[in-house]
Amino acid sequence: MLSGVCSGARMPERAATCAGCGCGCDDIEVAVAAGALERLVHTCTIGDEWFAERTAEAPAPARVDGREVDFAEAAEVSAAILGEARLPLVCGLGQTDCESQRAAVALAEAVGAVIDPAGPMQDGAVGAASQAIGLNTATFGELRDRAEVVVAWRADPAASNPRLLPRLRLDRAGRAAERTLVVVDTQRTATADEADEFVELPPELDFEALWAMRALVGNVPLDSNLAARLPLDALERLAGRLRACSYGALLHGPSGYVNALALLTLVRDLARIAHIVALPLRPEGNARGAEDVLAWQTGYPAAVSFARGHPRARPGEFSAVGLLERGETDAAVIVGFDALRHFPPRARDNLRRIPTIVVDPRATETAAAARVAFATAAAGLRREGTVHRMDGVPLTLRAPLASERAGDGQVLAAIKARIAEEET
Amino acid sequence: MLRIAQGRVYDPANGIDGEVRDVCLDGGTVVEELPSHAPRIDARGMVVMPGGVDIHSHIAGPAVNAARKLTPEEHRTDVLDRTEITRSGTGGTVPSTFATGYRYALLGYTTVVDAATPPLAARHTLAELRDTPIVDKAFLVLMGNNLSLFDLIREAGPDATGPVTEAVAWWLEATGGYGVKLVNPGGVEMWKHGNRNVTSLDDEVEGLGVTPRRVLEAIAGSVDELGLPHPVHVHCNNLGVAGNWRTTLDTLDTLQGRRAHLAHLQYHAYGGTPGKRPRSRAPELAEHLDAHPEHSADVGQVMFGPAMTMTADAPVSALLREITGAKWVNADLEAETGCGIVPFAYRERNYVHALQWAIGLELFLLSRDPWRVVLSTDHPNGGSFLSYPRLIRLLMDREFRNEQIGRVNQKAIGRTVLRDDLEREYTLGEITIITRAGPARLLGLADKGHLGVGADADVTVYREHGDREEMFATPRYVIKGGRVIVEDGELREAPAGDLLRVAADHDESIERTLQPLFEEHYSVQMANYPVREPWLLEPARRIPARRDGSGR
Chain A
1 MLSGVCSGAR MPERAATCAG CGCGCDDIEV AVAAGALERL VHTCTIGDEW FAERTAEAPA
61 PARVDGREVD FAEAAEVSAA ILGEARLPLV CGLGQTDCES QRAAVALAEA VGAVIDPAGP
121 MQDGAVGAAS QAIGLNTATF GELRDRAEVV VAWRADPAAS NPRLLPRLRL DRAGRAAERT
181 LVVVDTQRTA TADEADEFVE LPPELDFEAL WAMRALVGNV PLDSNLAARL PLDALERLAG
241 RLRACSYGAL LHGPSGYVNA LALLTLVRDL ARIAHIVALP LRPEGNARGA EDVLAWQTGY
301 PAAVSFARGH PRARPGEFSA VGLLERGETD AAVIVGFDAL RHFPPRARDN LRRIPTIVVD
361 PRATETAAAA RVAFATAAAG LRREGTVHRM DGVPLTLRAP LASERAGDGQ VLAAIKARIA
421 EEET
Chain B
1001 MLRIAQGRVY DPANGIDGEV RDVCLDGGTV VEELPSHAPR IDARGMVVMP GGVDIHSHIA
1061 GPAVNAARKL TPEEHRTDVL DRTEITRSGT GGTVPSTFAT GYRYALLGYT TVVDAATPPL
1121 AARHTLAELR DTPIVDKAFL VLMGNNLSLF DLIREAGPDA TGPVTEAVAW WLEATGGYGV
1181 KLVNPGGVEM WKHGNRNVTS LDDEVEGLGV TPRRVLEAIA GSVDELGLPH PVHVHCNNLG
1241 VAGNWRTTLD TLDTLQGRRA HLAHLQYHAY GGTPGKRPRS RAPELAEHLD AHPEHSADVG
1301 QVMFGPAMTM TADAPVSALL REITGAKWVN ADLEAETGCG IVPFAYRERN YVHALQWAIG
1361 LELFLLSRDP WRVVLSTDHP NGGSFLSYPR LIRLLMDREF RNEQIGRVNQ KAIGRTVLRD
1421 DLEREYTLGE ITIITRAGPA RLLGLADKGH LGVGADADVT VYREHGDREE MFATPRYVIK
1481 GGRVIVEDGE LREAPAGDLL RVAADHDESI ERTLQPLFEE HYSVQMANYP VREPWLLEPA
1541 RRIPARRDGS GR
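Chains as they are written, first to last, in the numbering used here: chain A, 1 to 424; chain B, 1001 to 1552.
Treat the hints with care, since some could be wrong.
As the list claims (entries may be wrong) - Here are some chain A residues pointing at chain B (derived, C-beta under 10 Å):
hint, residue
1, L2
2, G24
3, L143
4, W296
5, G299
6, R308
7, H388
Claimed, not checked - To be clear about the criterion: a stretch of chain A counts as covered by chain B if any three or more of its residues have a C-beta under 8 Å from a C-beta of chain B, and this derived list gives those stretches:
hint, segment
8, 130-141
9, 144-151
Hint data in this document are derived by calculation from the structure and do not stem from the laboratory.
Don't be surprised by glycine CBs; every beta carbon is placed ideally from N, CA and C.
Next up, chain B with everything else stripped away, as it sits in the complex (with noise of 0.2 Å):
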C-alpha cells in the first residue's frame, strides 16, 4: 500500500491535466482509495505522472550484443559498481543489460520496447530481456524480410492473406514476441544479392515475386486481420536517402485505412534528390499525419554527441562505413534479415546532421496530435536514452531552444521552420502524452501510460524544476508495481521487471505450410525453432489480441 499525496497529477489518459489529488497504489495496481494510515510519500509541489515508456529502443539481442563487443573504449570510462542490490556493468552508448535496466528506472521509465528482433535470434532477446532488470519489456519480431513470408506472400496472390495472417501469429508465438516489425521490406533481402537494395516501392525482390508494396499491406493487413494490441510498425524504405520523404507517403498511402506506426520519422523526412544534401519535408509528413488517425509515429530524434547506429537495414549501415570510414558490423541472418552497426557521433556544425536535429524538433512542433507523434531518440541510432530529458527541454523551453538553434548549423536551420522562432512550447501534460500515455496507447498496453484505478501501479514523481532537463534527469521518486525503487536518483530495489507478450492463436494447420519453407530456407530444425524454454518465456505476461475486431 501506498499513497502518493497532494502531488500535481498528470494523467491525460482520464483527462487530468495537473490536478492536485493522491494516487492510491494497492497489490501492484492503482486503487480508488487506501485506509489514512497507509504508508505514504509527500508529493507536495512535486509532479507525479505515469512511469515512462518506450515505444522505440534497441536494448536487447544480438545486433545490440555485437554493438557492445564493438566498443570496449566506451564501456572503460562510464562503469557502474556492483552493491548490495545490484549487478556491476558498463554504460555507453550501449550500456550492459543490468545496466540498462537501472539507467531506464532512473530516468523514470518502466516499461520498455526493444524494436527489432530477428526471430531466429528470439532466444538471445528473451535472455538479455531476463538480465535486464526493473523494467516491463517486450520486443518486436523483423519480418519484412522472411523468406518464407514471401513465399506465402507471393502465393496468396493480391487479396488473399489467409495462410500469412496465420504464419504471422505462429511467428509471434513461437519467439514470445509482441509485435510486428517491417525493416526496409524487400531491401535488406536485396542487400544479400550482391550488395543492392530497394529504391521504390514497386521494385521487385530479386526472383522472389514481391515487390516492398505488397510485402507492406499483406503483413499490415495480417496484423489488422489479427487484431494485434500494436499495430505493424514500420521502418520505411530509403531511410536516410534525400528524397526519401515521397517514399513515406507512398507507403503512408499504401497503409491507408489500416493501423501502422512508422519508426523513426525524421529519418524519413528528408526531400531533396538523392545523392545530394537534403532539406526538410517535416511539415508535410506531419500534415499527413494530423490527417490520417490510423496512423502514428515515433520522432528518432538525434541528439548530438556519441550515438551508435544500429539497424536490420544493413544497406544503410554499409554507407555509414563510407561517410565515417570507422568500424563497421555486418550479420546476415539467414531467411529473416540483416544487421548492420557503425558507432556515429552526430555534430553541430556539420549540415546534415543539424537537419537532422531540426527535422525532429519540426515534427514535435509542427504536430497537433501528441497522442500519435510520440518521443524516442530510436535509441542508440539518433542518441541515448539517457538524452531524453535534454530532448524534453528542447520541447518545452523556447528560450533554450532558440540558443541550441543558434548553436548550429545554419544554413541547415534556414532550410526548416525553426528559423520563424516557433512560439510552441510542450506543456508538462503534453510531454506525460508523449513519453507514457501516447506510447502505451499505441503499443495497446492498455494498464500503462495512465493512472487510472486499475492500471499498472508504475509511477514516476519529479520534483518541479525550471531546468526541465534536470527535472526529468533525476525523478525525486520511481515506483515500479506499487514499490519504491528510485529515492533521489539512488535504487532502492532491483526487482525483475516482467516480459511482455502477445498472445495470438494461429490455425495450426500453417505448420504444415511452414514445414517444407523451414527445410528450405533454413539451417535449424523446424521443431527446435519455437523457444520454449521456461526460463525464457516465464514469467510473462500475455496481453491477448482480437481477431473478431471487437478490441478495436
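The shape of chain A in the complex, shown without the other chains (with noise of 0.2 Å):
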C-alpha cells in the first residue's frame, strides 16, 4: 500500500531517549502509570539519575526570592534585572533541548549579553583547538562497525557515558577478538578494566606523549631525555597498532587547549597513514547542540557577546567562569544548570553577589538562591524537543509525561517579550 509517512517500525508503546549524558541513548522504554514514571528499560545509573532528577517533586513554577510568584509577574521581574544589568550574562545550556537553545540566544541578543554554553570542566578547549587545526572524527556507527583500534586516551566512558563502551562493542563481553582497546591515563579506570591494554601516564605528561606519538608515527627521532620519562614501549606498541589499522579511533576527554591541540594534531598526521578519527566525549546531553545553534546563528561555538549589537566570539575573556571570577557580569540567566554546585569557587562567590535567572526543571541549589527561579517542563520527559548526540547526531526527545508548566524556551521566549514590550 502506498504511504505518504514514515512510521518507522515497531515503536515500542512508550520511547524515551536519555540525555543524561552526550550518548543521547534513543532506544529508552518508560512505562507510566498514574502520569508518574514506574519503570525504565535500558537506562544506565547516569540515566537513571537523569529521569529521576526531572520527576522529582518540582517546587513552584515561578518564585521570586523563593516566594511562589505568578509566571508573568516572574517575568516582569527577570524583564527588570535583565534590563537594568551592564553586562548580563546567559550561561548552562548543555542539558536543554535546541530549541531552548536557540531561545537563549535570541535572548542573549536582545539583552547585549554574553552567552557561553562552556561547561565547568574545560569543555570548550577542544573546540576552540579543533579552530586552529580542524577536526577528524566520526559518529558512533562508524566507531561501532569500522574501528578495529580505539584508545580511550584520558577519557573513562565507562565512568562518564556509560553505555558508550557497549554500544560501540568495545566492552569486553561485546567486543570481537581482532579489536583492540587501550586506555592511557594517569590510574586504573573502569575504562581501563574493559581495555586490553592500560598505558599509565601522569597527567603532567600528556602532551610530551602526544607529541612523542607524533615522533613514533612519523619515524622521527625522540630526544632521549623527553624519552625516558615516557612509557616508551607502550607508546611505540600503541603508535604501531594505529599505523597498522585501517580504520582507528581515539576517545579523549576534556583537556587544555595545549593538550586538545597536540592530541589533534597527532590524529592528522595519523590520518595521513590510517583512516583514524577522534571524538570527544561530552559528559552533558546536549553540549554538542549548544555549540552548534550558537554557531549557526552567531558564526561561533562559544564564548559569544552581543554586547556591541553583533556577535563577538573570545574564549577566556567572554567564557562564563572568567566573566564570574573577574567579577565583570552583573545579572545572570542561567539555563538547566547547576553553576553552584560545579563552578570554581570564586566564580560560584560572585555569581551570589549578583542577581541571578535560574531556568531549570529540576530543583537545585542554584534555583533555590536566585533571584527569579522558573521550575520548567523537562524536555525529554514533558516536552518535545531536539538535542546533538556527542558525535554531531541531531535526535528526538520525546514526552512520555504531559506537563501544564512551560518548557525552558518558552520561559526563555516570554522574558525577551517582556522586554521588548517595555522598549515599545
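From the two separate chains plus the hints, produce the assembled complex.
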C-alpha cells in the first residue's frame, strides 16, 4: 500500500531518549502509571539519575526571592533585572534542548548579553583547538562497525558515559577478538578494566606523550631525555597499532587547550597513514547542540558577546567562568545548570553576589539561591525537543509524561517578549 | 496588492524578453490585472525579473556549520548588527543562518536549494533552514554512499529497482527532503576503507557488491520511476582529477535516456593525466550536453578570492589538505556519507585556479541552451554567492571579461577557447534563464522562476546600469510573496520563507525490508529516524511527485 507517512517500524509503547550524557541513548522504554514513571528499561546509572531528577517533586513554577509568584510577575522581574544590567551573562545550556538554546541566543542578543554554553570542565578547549587545525571525527555507528583499534586517551567512558562502550561493542563482553581497546590514563579506570592494554601516564606528561606519539608515527627520532620520562614501549606499541590498522579512533575527555591541540595534530598526522578519527566525549546531554546552535546563529560555537549589537567571540575573555571570576557580569540567566555546584569557588562566590534568573526543571542549589527561579517542564520527559548527541547526530527527545508547565525555551521567549514590550 | 508598473520585463518562461509592461501581484501570486488604485511601484527604466533561484548551494546542516566553527577569523571582520527587524550575525565565506537569508534576499534571490544533507542529520539541516529567513528553501538528500541502499541495489540485481525505488521515496519522506543527490557514488564509502576511493564507474565498492555505475543506474531509475520533480542530482566520481572528463562522459552515457542533473560541471571537465596538469575538456562536455536534452548541469564557477571547500566527497578534501596544509575537517557519518572541509583561496596567477576559472566560463559561453547549463559557484566551494553579480558581468560584458582574462595565468588561458576572444555576451534574457527560469524548471518548481499568472509573487527589480556587476549587486526592489522586502539595498521586513519539500508516496511494506538494515547499520533506532517534529516540518509547501509519469 502506498503511504505518505514514515511510521518507523516497531515503536515501543512509551519510547524515550535519555539526555543524561552525550550518548543520547534513544532505545529507552518507560512504563508510566498514574502520570508518573514506574519503570525504565535500558537506562544506565546516569540515565536513572537524569530521569529521577526530572520527575522529583518540582518546586512552584515561578518564584521571586523564594516566594511563589505568577508566571507573568516572574517574567517581569526577570525583564527588569536584565534591563538594568550592564553586562548580563547567559550560561548553562548544555542540558536543555536545541529549541531552548535558540531561544537563549535570541534573549542574549536582545539584551546585549554574553552567552557561553561551556560547562565547568574546560569543555570548550577541544572546540577552540579544532578552530586552529580542524578535526577528524566520526559518528558512533562508524566507530562501532569499522574501528579496529580504539584508544581512550585520558577518557573514562565506563564512568562518564556508561553505555558508550557497549553501544560501540567495545566492552569486554561485546568486543570482537580482532578489535583492540587501549586506555591511556593516570591510573587504572573502569574503562581500563575493559581494555586489552592499560598505559599509565602521569597527567603532566600528556602533551609530551602526544608529541612523542607524533614522532613515533612519523618515524622522527625522539629526544632521549624526553623518552626516558615516558612509557616508551607502550607508546611505540600503540603507534604501531594505529599505523597498521585501516580504521582507528581516539576517544578523549575534556583537556586543556595545548593538550587538545597536540591530540588533534596527532590524529591529523595519523590520518595520512590510516583512517584515524577522534571523538571528544561530552558529559552533558546537549553540549554539542549548544555549540551547534550558537555556531549557526552567530558563527561561533562558544563565548559570544552581543554587547556591541553583533556577535563577537573571545574564548577566555567571554567565557562564563572567566567573566564570573573577574566579577565583570552583573546579572546572569542560568539555563539547566547547577552552577553553584559545578563552577570553581571564585566564580560561585561572585555568582552569589549578582541577581540570577534560573530556568531549570530541577530543584537545584542554584535555583534555590536565585532571584527569579522558573521550574520548567523537562525536555525529554514532559516536553518534546531535539538534542545533538556528542557525535553531532540530532535526536528527538520525546515527552512520555504530560505537563502544564512551560519548557525552558518558552520561559526564555516570555522574558524576551516582556523586554520587547517595555522597549515599545 | 502591488502593481510593478512599466518596467522592462524579462520572463523567458512565458516568452517575454524585455517588453515594457506591468506585473500585478495579489495574495502572494502573480495575477492578471489589479484595480487602478492598487499600490504601485514605478518601474519605468528598470528591469523586472522573477526572484533568483539557486539550484546548488550549501547553506545549512552539519558540514556548513562545521565550516562556520572552523573560521572565526572570517567572522570578525564581517558582522551584521541586530536591527528592529533583523537578527545579528556574521559573514565570511560561510555566513551565519540569518545572515545567509538576508544576503541572498538582498541579492534578489528568493529560493535556495541546499545541495547536500546527510539524511541522518536532516533535523539539523531543517533547524538551520528555519533560522534562514526570507528565502524559500529546500534540500537534497545524500544517497550515493548509503549502505542500506547498497544492500537493496545488490539484491535487486541489474534490472529490478522496486525496493530501491520505495526506499528512495521513504528516505525523502523521512527527512523532509526535496530531491536526491549522489556524491562520488561508492567513493566516499571506500574512503572509510583505509582512505581509498574509486577511480572508475566499474570499480567495485569493496565487499559490498556494487559499483558506481550500478548505483547511478539504480538511483536514477528510481528517481525517474517516482517522477520526482527534480532529476537525480549527481556529483560525479573523480572530482578535481586531471582526465576526469572521461568519467563525466561515462556517467552521462550511463544515464542516457534518463533525466539527470550534473552538479558543478566545471570541477568534472578536466583533460590530461591523473596527477599531472589538467587541461580543459569543457568544449566536449558542452557539446555532449547540447545533444542530450534529458541532461542538465550547473557550472560551479570558480571566482578568485577566498572560498570554503566543503563536500561530502571526503577523499577530495584530504587531497586539498595536502595542497594547502591548512585546517581540515573530516567527519564520517555512519552508513550514509562523509564530509570534508578545507578553507581555500583561488589565485589569478595559479595555473590550475586560472584553468578552473576559464573552464567555467567556457561552459557558460559554449553551451547553446541556457535552460540546461545554469549558474552556480557551488557556494561556498567556488566562491561565495555574493560573487554572482561579478560572474554575471563576466558573461555579459566582453570587454570586462577580456580585461580579466588578461590578468590571470596565461598558460592556462592558452589551453582554453578563451584565448580566441569569444564574442558571446549573455543577454538579460539569458541571464534571467540561468539565474531563475532555468533552475526553477530543472527543479520542477512550477510556481518559481517566471511571472505568469499563478506564479509566486517573487520578483526582483533592478535599476538599469552599464556596469552589470553594480546592477545585479543591489536590486532596487526585491519582492517576496508579494511583499516588498528590499528597497535600495535595505531590508524592509524579514519574513520566514517557506520550506519546500517533495511529496512522494512509498509502499509501506518497505519499512519491514529496511528494519533489519537499520539494525545492522545505524546507531539510532529506526523508529526515531524519520523526522516528526512539527516545528521542523511545518509550515511547508509540498511539491508532488508524479509516479505515473504524467507530469513528465
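Here is what the structure says about each hint:
1. L2: holds, 4 Å
2. G24: holds, 8 Å
3. L143: Holds: closest Cβ of chain B sits about 9 Å from L143/A, inside 10 Å.
4. W296: holds, 5 Å
5. G299: At 4 Å from the nearest chain B Cβ, G299/A passes the 10 Å test, so the hint holds.
6. R308: holds, 8 Å
7. H388: Result: holds, 7 Å to nearest chain B Cβ.
8. 130-141: holds (count 12)
9. 144-151: Satisfied; 3 residues make the cut.
The structure shown violates none of the earlier numbered hints.
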